[in-house]
Structures are given as C-alpha cells and as structure tokens.
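Residue numbers (this note's numbering), protein chains in the order written: chain A, 1 to 260; chain B, 1001 to 1260; chain C, 2001 to 2260; chain D, 3001 to 3260.
Heads up, a few of these hints could be off.
Output of the computed footprint for chain C on chain A, the stretches with three or more beta carbons under 8 Å from beta carbons of chain C [stated by the list, open to error]: (1) 22-30; (2) 195-202; (3) 243-255.
These are calculated hints, taken from the structure and not from any lab test.
Note that the structure is predicted; figures quoted are calculated from it, not measured.
Glycine included, every Cβ here is placed at the ideal spot set by N, Cα and C.
Now for the letters of each chain:
4 protein chains.
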Amino acid sequence: MIDVQNQKDTRQIKIQQTGVTGVYLPIFISDGDEVQQVLSKIKFTVALSEKIRGTHMSRLMEILTENISTPLNVLKIKKILQYTQTKLETDFAALDFGFKFFIKKSAPVSDKESLLDIDVQICAELANALNLSLKLEVPFTSLCPCSKEISDFGAHNQRSICRVNLFFADADKISDFNIKSLVELIEAQASSKIYPILKREDEKFVTEAAYKNPKFVEDILRDEVLAIRTLKNLSAFEVECENFESIHSHNAFASHSEKM
Amino acid sequence: MIDVQNQKDTRQIKIQQTGVTGVYLPIFISDGDEVQQVLSKIKFTVALSEKIRGTHMSRLMEILTENISTPLNVLKIKKILQYTQTKLETDFAALDFGFKFFIKKSAPVSDKESLLDIDVQICAELANALNLSLKLEVPFTSLCPCSKEISDFGAHNQRSICRVNLFFADADKISDFNIKSLVELIEAQASSKIYPILKREDEKFVTEAAYKNPKFVEDILRDEVLAIRTLKNLSAFEVECENFESIHSHNAFASHSEKM
Amino acid sequence: MIDVQNQKDTRQIKIQQTGVTGVYLPIFISDGDEVQQVLSKIKFTVALSEKIRGTHMSRLMEILTENISTPLNVLKIKKILQYTQTKLETDFAALDFGFKFFIKKSAPVSDKESLLDIDVQICAELANALNLSLKLEVPFTSLCPCSKEISDFGAHNQRSICRVNLFFADADKISDFNIKSLVELIEAQASSKIYPILKREDEKFVTEAAYKNPKFVEDILRDEVLAIRTLKNLSAFEVECENFESIHSHNAFASHSEKM
Amino acid sequence: MIDVQNQKDTRQIKIQQTGVTGVYLPIFISDGDEVQQVLSKIKFTVALSEKIRGTHMSRLMEILTENISTPLNVLKIKKILQYTQTKLETDFAALDFGFKFFIKKSAPVSDKESLLDIDVQICAELANALNLSLKLEVPFTSLCPCSKEISDFGAHNQRSICRVNLFFADADKISDFNIKSLVELIEAQASSKIYPILKREDEKFVTEAAYKNPKFVEDILRDEVLAIRTLKNLSAFEVECENFESIHSHNAFASHSEKM
Chain A
1 MIDVQNQKDT RQIKIQQTGV TGVYLPIFIS DGDEVQQVLS KIKFTVALSE KIRGTHMSRL
61 MEILTENIST PLNVLKIKKI LQYTQTKLET DFAALDFGFK FFIKKSAPVS DKESLLDIDV
121 QICAELANAL NLSLKLEVPF TSLCPCSKEI SDFGAHNQRS ICRVNLFFAD ADKISDFNIK
181 SLVELIEAQA SSKIYPILKR EDEKFVTEAA YKNPKFVEDI LRDEVLAIRT LKNLSAFEVE
241 CENFESIHSH NAFASHSEKM
Chain B
1001 MIDVQNQKDT RQIKIQQTGV TGVYLPIFIS DGDEVQQVLS KIKFTVALSE KIRGTHMSRL
1061 MEILTENIST PLNVLKIKKI LQYTQTKLET DFAALDFGFK FFIKKSAPVS DKESLLDIDV
1121 QICAELANAL NLSLKLEVPF TSLCPCSKEI SDFGAHNQRS ICRVNLFFAD ADKISDFNIK
1181 SLVELIEAQA SSKIYPILKR EDEKFVTEAA YKNPKFVEDI LRDEVLAIRT LKNLSAFEVE
1241 CENFESIHSH NAFASHSEKM
Chain C
2001 MIDVQNQKDT RQIKIQQTGV TGVYLPIFIS DGDEVQQVLS KIKFTVALSE KIRGTHMSRL
2061 MEILTENIST PLNVLKIKKI LQYTQTKLET DFAALDFGFK FFIKKSAPVS DKESLLDIDV
2121 QICAELANAL NLSLKLEVPF TSLCPCSKEI SDFGAHNQRS ICRVNLFFAD ADKISDFNIK
2181 SLVELIEAQA SSKIYPILKR EDEKFVTEAA YKNPKFVEDI LRDEVLAIRT LKNLSAFEVE
2241 CENFESIHSH NAFASHSEKM
Chain D
3001 MIDVQNQKDT RQIKIQQTGV TGVYLPIFIS DGDEVQQVLS KIKFTVALSE KIRGTHMSRL
3061 MEILTENIST PLNVLKIKKI LQYTQTKLET DFAALDFGFK FFIKKSAPVS DKESLLDIDV
3121 QICAELANAL NLSLKLEVPF TSLCPCSKEI SDFGAHNQRS ICRVNLFFAD ADKISDFNIK
3181 SLVELIEAQA SSKIYPILKR EDEKFVTEAA YKNPKFVEDI LRDEVLAIRT LKNLSAFEVE
3241 CENFESIHSH NAFASHSEKM
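The following block holds chain A by itself, in its conformation from the complex (with noise of 0.2 Å):
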C-alpha cells in the first residue's frame, strides 16, 4: 500500500509541530510519594521535515496508549520523547498535556478532609535538551481592601484563580514536580485558601481570616512573584491572578513574567 505520508515535498519548510490534539486518554502522574491516575487531555507533536509530505500520526496515538500504564514524572516523559524523535525519524518531539490533579485539604478548625482538583498543564519539548513547563491554576479567596476601608460594615470578595506557569531551567535533573508544594506556595498569598468541605467553624475562620487580609488583584499578584522567585531551578516564569469580582459580571485582573 503507497505510503502518502512519506511522498517528497518541495515546498521546503519543515514544519515545527504537526501531531495529534483533543485526545483524552487516563494517564498516571507521579507526584512526590503519590500516584495519581487522572484524565489527561493531550496535544502530541513532531517536528516534520522538509524533504517529507506529512507525519504518521497514528504511530503518535500508539506511542500515547503504550504508555497510559506508567506512572509519568520527568525521567519517563523524556524516554517517551526520546523514542518518539527515534520513532518517528525528526529532531523534535513534545507532549503537552493537562489535567486535574487532587489535593488533599483538611479544613482548618475541624480538620475534615477533602480533595481539591487543581487544574494542571505539562509541556515538555526534546530537541537536544529537554525543555519543561508546568502550569497550575490554583483557586482561592480574595477580599477587596478599598471596599473594606471605604464601607462601614462588610467588604466584597470572590473567588480568584492564579495561574502560574514555571520554566524550569536543567529540566534534565528535576525529580519530582511538587504539585503539591506548589499549590501550597501559590495559594497562601490569597487573602485565604479554600477548601471543598468547612463545617461552620470552619466558615467562620475562613470569612475572618480573609476579612483580616485584605488583597487587591495587584496586591496577590505582587505575593506571588516575590514567593515564585524563591523557587529554585527556574529559568521564567509567568503568573497572572484573575478575581471573578462579586460586585460586577467581568473580572479584575494582573500579570507579570520574569526570566531569571
């Protein structure tokens, strides 16, 4: 059977990413101690010569279901890359996948457990290094410090999301991702973390410590970087805090980059 794909092309342009996208598939995540099995929405791509008409896309979909058995952290994500520049005869792989990851939380006065799904984007490239990103949007709670001052009772406040995106410089020799570590990090510059389940001692500390901590967008944005630039083995980062305002229908919002 003629092989379309591998015809010659003239047109001289090597493509930088061709691949497959919108595949769900159920990976396992290795983060820490943990293992977690989650639903992971995935881009796969190759670089594609351009002596060569087009890809074999449905070696990328063999490669992704071989692998949904184990447990993915840095070192295994770069043999899947490494395998698939074999594979698939380029210099240039990357996987790019996101997912919801869950969070034990244990409420703050009554200790209840429960689980928090942060939403968790990995991009990792292999050229002749490999390149590493991780992306997680962390909820919590924000308090408007001018409605505070300038009310007599009360002060709006909102759910917020933070969205910290981290380059990792020698992503070669990173272990382990530290979801967990992080989201701690991002979410204690809110004027209060939050939790799936607050019995009313719980709910009563909770609107008094957010009441006690007033932050603009601005201001938990300003958190973040300073806490973020004391994260080693960063080459940039990227974060950017949105606040679903409760006194309007659009949001506030604040964003900043830095390479390092």
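Fit chains B, C and D to the known structure of chain A by using the hints.
Just chains B, C and D now, kept in the frame of chain A:
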C-alpha cells in the same frame, strides 16, 4: 439532479425535530421601545414526515438569512415559523436562539451609566398554536447569612447567577418580551444588584447593601419564585440560582419549577 | 454556634432541589466485569422542606467524599441517596454526575487496540422509588447520501455525535449500566464507527465502509430509534444526532423522544 | 473618601499588565468600506508603577463605555490607548478583544448569498510604539490524500480550522485590517472553501472540488505559510491548522511561526 432528501422512507418514524444547529447570525431584537442588534446562536428545526427521507436544510438557512434585517418580536417570529411550515411542507417548526442583550445600568450613587450583558434564550415552537419560552440569566451578588452571623466581622459573598425560564400562556397575545423589566424583577431578589461601572461611593453602597441583605441561595430562589408568581400570562416557569461560592471552588445551587 | 440554615421559613415554598454543583471528584464506576476510575463532575441535591431556611451543604460534600473509594453501581447509588435522605432529613435526593468512560476498540483490519472516550451522564433521583437515566454521547462518521449521489466522485463526510438519554423502568432491578454494549448499539447505526488508532489498512476500510453506507442525520436518527426500541427495561428515551458538516461551519441535527 | 488604590507600594514590582477581563460590549469595527457592529469580549489592561498599590479599574470600564459608539480602526484604537496612558498615568496600555465578524459568501454555482462568521482577535499594545496583532480563525474543508489514494472509492474529509496570528511591523502605518481579504487568502489554501448556504449544484461542486484537491493538515499548513509570506507589513506570524478528523474523535494538527 436527483432529490435524494425527497426519497420515500419506510421506517415509519415521524421525526420530531430536524434542522440546523450552531448557526451564528447577527439579528435584531425588538424589546419595548428599543431595537438591539445582537449576535445570535441559532437552532432552527422542523418535523419530518414519516414518508420522507430527509429535510432540505439549505431552505432553513435561506429563511434565516432572509430574516436578519428586520427586528424580531413575537409576531415576526410566528410569521417566520408559519412561512417555514409552508416552505418545508411540515406541521411543526421551531426557532431556538440565544444572544447577549445589553441593559443600561446606572450606578447607585454616582449615576454613572454602563451596559450589563444578559444571556437570553428564546424558544418558539409552532404546531397548531405557538409555544413560547424566554430564558434569562441574570448575574448579581449574594452574601451568606450564616457566614455573617457566626463571624466577628465580614461575611463571604460572591457572584451568583439566576436562570429563569418563562413559558407563556397564549403566546400569540404577547406583543413584547420586556426583557429589561424582567431582569429588574429578577435582580431585585439578590443581596445586591451588580454594575459594570462602580465609582468608590458606589462600591461602598453595594458592599453595605449586600451586607445588610444576607441571603442563602435558597432565600434568593424562594424570593424569585414569589416574584415570578406575580407575572401574568405564564403557563409555567423554571428558576435556578447558582452561587459561585468564594470559600469553595464548587457552587451552591437551588432550583424550582411550577405550572400555573 | 447558631444554626442559621435551620431557622424557620415562612414563605411556604418547598424547594425541589438544592445542593452543590460543579464538584469534581475521582470516582469508581462499575460496568459489567470492569471497574474504571473516572473524573466526575457532580451535582448533588435534596429537596428542602417549606419549614426550613437552608440546607446543610457541607453534609452533601461529606457524603460525596466518603463514597469515592467504592465502585458505584445502581445499588450503591441508591444506598447513597437513602443515606442522604436520612442525614439531610428530606424525602428527595438526587445525584447527577458526568464522566468520560473509556471503551477498548480494536481497529477493523489490523486489530490494533486503543481507547475511545465516551461522555456519560448518570442522573439518579430517589423519592419513594428510584428514577434513573443514563446519557451517552457517542462519536462516529456520517457520509452524505445526497453528496454521494450527485457528485461524480467523493462524498462529504464528517464527525458526528449521537446523544442518547435512556430512562429506566423499575430502576431498582437494574444491576448494571452496560455502557459498553450500549455504545456498540449506538455506533452500529452510523455510516462507520471511528477508532483512535487506524493503520493504513484500517483507514482504507473505514473510508470505504462509510462510502458504502451513506446516511443523512435523519437516517441515523431513525436507525437509532429502531435500535433503542429493542432495549428492555426502558420507560422512555431521547435521542439526538448532530453532524459537524464538513461543507458548512454549522451542524445538521435531528432529535426524537418516545415514552414506552 | 480614602483612595486605597493610590497607596504606596514597597514591594518594588512594576506590574506588566493589570485591568479588566471578560468584559462584553457591543462595538463597531471598521474594515475596508464596511462598518460592522459586533459583540466583543474584551481584556483591557495597563502597566502599574512599582510605587502604586492598585489600578483604578473603573476608569478602564469608563473608557471602554465611552468608545462603543464610534467605529474602531487602528488609528482609533491607538488614540484610545494614548488617552488611557494619560488617564491612568502609565506608560503601557493594551486592548485585547475578540469578536465574530461576518463575511458575505456567494455559493460557487447558484451564487446564493450567505454570511459566514469568522472569529477575530485583535491585540493592540501601546508602550512607546504601537504593537498590533490580528488573529483569524477560518473554517474550511480538508480531504485526506492518503485515504483517497488507498481507498477504492471515497476519501475521508472533515471540517478544519486555520488560526493565523499576524504581527504587524509599523503598526502606526496600517489604515485597515482587511479582514475580508485575509480570510480569502487563508481559505484559498484548503481542499475546499465552505459556505453557510449550498444548493444541490453547489454541494456537488464543493464535494468534487475537495476530492480533486486532497491535502494533509501539513499540506494546508505549508500552503498557508507560503501565502502569508506574500503579505507586506508583517514582523512575524503564527499559523496553525486543525482537522476535526471524521475517522477519529481527536484532531490532526500542524503549527508554524516565523519572524520576518
């Protein structure tokens, strides 16, 4: 050219609805004294006789395209559906379309004017008589009575949404949707209304208004039910409220429906 | 600490459903011989007496959290709802949850194995008796009979989705959802099934199979209706098909519902 | 009333972007001879000095609201950003907004006219100079060369989308976006263009046109690259194509970017 759609069908199933979905068009909506151009997402369907294999869907697109220049009110929608019944040789036609409608808001103290977008969904079905429903999604603020009561200061509050679906009796007699006044009725049941533009004096007003008017999602729902019961010309209604809790990443919810 | 939720209410409205929405949790689904861990988005509600002001929503979150480790089947879901009725002192409880369920597929010629994700939504309501519905969204290929007939070569085809919602009679007697066999029944009505991994010989097979089996969206819908009518234990069903037309940017659609 | 936003900040972080997101407004877009009212989703931000605690976000909403009545072109957008810099006392302002723009299409044989919606995203940033990018999402048909070649009859085809992001050099000198002609350039690289209204003779035309012009996602991408390279006034571009494969439930993808 052969008309494959018009072939006979022997499966003896009259299809209740077939047509086009996901159609985007700019249309004009007539509401009270006002005509607004809106971006609409449309589902346009007809019944298909058990004797015929397929619908001529291009005719549905032609009818839509011919009707984007004149303002739509109930009478005009009914005429489109009557024309559709004739053109498609069917006894049932339905037009189901959603859009953002903008309501002029004045900030409570400064009187600053701004535009608040409301999601509207109109579903009109013509068999012998016209059936008509109007769905509104109205955003506002809710402030938690429990949090206020048990906390030494502050109270968690958040953006909420109320979705009201009104089914009209005697739809033929309705001359006007009155979107604006329905939105006013719905948002009046909240802890506080919200506004796209709030100067500092307005923010103080909204913060204090919400604090003075704490309501559970169940409180708001019940007050919505009482308010909607005062409307004339309804055959039924559905109402649901959802609070995007500032202290959780999930939502609090309440729903209720009644026939009249 | 005062129990504000437990205050008396005088508005004389029994709320039909109140609870939590947008809750994400990893749960286990039992289907046939198989147990799958899935990521679930959950809505969990109860009725609220006209005498009481609010629901204790944290109890709903506690019940969910306590039940994520054991596989859910119909019996287990019923037990959770019974426990919820007791714990929340109510006569109605409902669990409505959606997830991606993975079906093992073998490519038609090469037999290559892969996993296809199916969107599943289960809604279980317990008043006196148990009401249970199962909604499946099954993707496949459709090829247009008109396009094939009138064109000298080729025929437009596209990805389609069929959404089937099954309402069970005597839900108490169901031991198993049988998701896998229901998916097989639904996809058998398409122009061709689809597969995550197709080698070249499979791609030839699928292309030719679809070309030999042209079907309008109405054809597929009618064949789905005939297929679903063969199922035992149903009290009603809804089915809709949507073709993401390759020659338009809108979709072709057909829907039908029946009581049994 | 105290101006909390205007308090001094000591964290020494100049925030790159802060402002409002998720703002919906009806605006007017000027494109060639045409002015279209569109529904826009807007992100409007400024830089914030390291010396100041917070932005006066209501001013951003006021500026947006004041500018919804006059048609936006590049010159007008620049003036808004200059005014914003002055009003918010900052050296950077950015307006990032998306909308559906409608293109008049004539069916290839019948000449039937219809409106095709194109997703457009404009990002304008003013520091010292104006940076401007225009992103278009253009839908069309792709037909698989491999499927055509290896199959005895037929070939799988599907809806595809091409996303092109154009970064303009000397943005100040651009008088017009020319959305319409850019869409024509992008869709000309597909297996076939698509149309909202197709009569039977048109459907035959489109079906045969696609069959005679089979293209992999990589073929379309390369032809888009060649086409975009002919554009004047660009400093860079990004292009990606995604095929919503009719034989899979995942997508085929290719992307490429270049600086000029």
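Tested hints:
Counting residues of the segment 22-30 of chain A whose beta carbon lies closer than 8 Å to any beta carbon of chain C gives 4, which reaches the threshold of three, so the coverage claim holds. For the segment 195-202 of chain A, the stated coverage by chain C holds: 6 residues have a C-beta nearer than 8 Å to a C-beta of that chain, and at least 3 were required. Counting residues of the segment 243-255 of chain A whose CB lies closer than 8 Å to any CB of chain C gives 0, which falls below the minimum of 3, so the coverage claim is violated.
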